[in-house]
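Whole structure, please, built from the sequences with the hints as guidance.
What follows is each chain in one-letter form.
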Amino acid sequence: MPESSLPFRSVLVANRGAVAARVIRAVKALGLRAIAVHSEADAGAPYLAEADAVHAIGPAPARESYLNQDRLLELARAAGADALHPGYGFLSENAGFATRVEATGLTFIGPAPRWLAAMGEKTEARALMARHGMPVAAGSGLLPDDAAAVLAAGRGIGFPVLVKPAAGGGGIGMLAAADEAALLAAVERARALAGRSFGDAGVYLERLVERPRHVEFQVLGDRHGQVRHVFERDCSVQRRHQKVLEESPAPMLPRPQATAMAEQAAAVLARLGYDNIGTVEMLLGADGSFIFLEMNTRLQVEHGVTEMVTGLDLVAAMIRLAGGARLEQVLPAAIALSGHAIEARVYAENPVNFFPSPGPLNRFRPPPADAGLRVETGYAEGMVVTPHYDPMLAKVIAHAPTRDGAIARLEEALHGFEVAGIRTNIPFLHRVLASEAFRAGQVHTGLAQELKA
Amino acid sequence: MADLAIKSEISGSVWKILKQPGEAVAEEEPVMILESMKMEIPVMAPRDGIIASITVAEGDAVAEDQVVATLGG
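Chains A and B supply the protein sequences, listed in that same order.
To convert, note that position 93 of the first sequence is 102 in the numbering used here; the numbers rise steadily by one, no gaps.
To convert, note that position 24 of the second sequence is 85 in the numbering used here; the numbers rise steadily by one, no gaps.
Source of the hints: derived by calculation from the structure; they are not laboratory data.
Keep in mind that a hint or two might mislead.
[As the list claims (entries may be wrong)] With beta-carbon atoms standing in for the labels, derived distance ranges: (1) B:PRO91 <-> A:GLY320: 48 to 58 Å; (2) B:GLY133 <-> A:VAL361: 23 to 33 Å; (3) A:ALA139 <-> B:GLY133: 51 to 61 Å.
[Unchecked claim] Only part of the chain A face toward chain B is listed, based on derived beta-carbon distances under 7 Å: (4) PHE364; (5) PRO365; (6) PRO367; (7) PRO396; (8) ASP399; (9) PRO400.
Being a predicted model, the structure only gives us computed values, none of them experimental.
The beta carbon of each residue, even a glycine, is placed where N, CA and C say it ideally should be.
The following block contains the structure:
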């Protein structure tokens, strides 16, 4: 489909950092106009120079800038935008915002707002997927405010259980309870965390899977009833339930099993009419069984891993799909998995206790990119990493014919990444990449904790 | 025993002060919660004692190694 057939010409990129840089690049490559925004803290960000128009949207705190819906919508109108890309984080999964974007007459580049709502409430998402045959862990609905009922729910599921916020995401507010004695305190604390983080204190229980792997399936849907998967990513190496290393294909997972799960997820979503980019996150137990965890109705941080092994441009694809393109217009008929890609998230944090480490980037020299190495960042030397946003400094993605080759390339690249002025997790990334468990593909979500200094 | 300075381990801001001067705290009990880079980081009492002073207010920016409270008793 020629890009001129898209129903929009000017895209407001409502985000910052590495994802703003990535989306601006994709928008420009499609021949569209990129309108960038920035808070006071990001005024000097390098990607702003790539945009066709740049607008300041407010002070550094996110709620006064990147989360300020009124300001973004007013700017979209004033700047002549006719589409909005939310990136990831911030407002990307906010159904109310997406609805307002569309009511303003702009195209929201992502799935229809009803999908953001359907997958945003985790107990409903789980129930929906279970009704359509996706495997889910034993779990409860929203817990009532009644100790006896909470204990009964825990007993019914069987311990250990995980207490999870219903409106949650990003691993925030999840607490394990080993037995009945621990359950009520965990529920109380999880409610407090959930209320503060998501403005919704609802929590539910799920059977805790011990030493699981996190395997997720990338899907793309169009507005004509079709959904395809583009393989999986293993994102098991996490600290505080947040991903640190991501790779594709998943190691030590038989291809037929991965394909069967991916095809099932795509088929369920096609039946339901899913209509843009999305990721079905699943846990893979030690017994080889998958359970549905949640679905992210947006671009993922780690989308580049899939791009490296498939050669696709997922950001361009989601923009064109939002404009009404059909899947066969944005994806080749046959998509092959080529080689192995691993992404490392370089965080501004203490590599020993993972505490945040904001500060000045007195030196910031990412390794040079080439065909086998991709670097995505929103920072440049001389900028200050503020405490206002998440700690991700850069994503470094290595691609090689084999997993061992990708590991070696990533290690070499991280050794060449020079940062001074703040601490980074690069020493920790080296520790994981050098570990026997990681090298053997024996990954699980507790591995990072086990390898902590 | 001389008052002991309690320092912030991170740069960020003060999200919530949990203890006031005169209150008793146990070792490892949170005195306040700081916020930085979307994470909440508690500041713990290094030993049992009585809070002698709180030297920051909620919403204040704090630097790494900045004294945020002192512990007496």
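Results of checking the hints against the structure:
no., hint, in the structure
1, B:PRO91 <-> A:GLY320: 48 to 58 Å, "holds (50 Å)"
2, B:GLY133 <-> A:VAL361: 23 to 33 Å, "holds (30 Å)"
3, A:ALA139 <-> B:GLY133: 51 to 61 Å, "holds (56 Å)"
4, PHE364, "holds (5 Å)"
5, PRO365, "holds (4 Å)"
6, PRO367, "holds (5 Å)"
7, PRO396, "holds (4 Å)"
8, ASP399, "holds (5 Å)"
9, PRO400, "holds (4 Å)"
Consistency note: the structure conflicts with none of the earlier hints.
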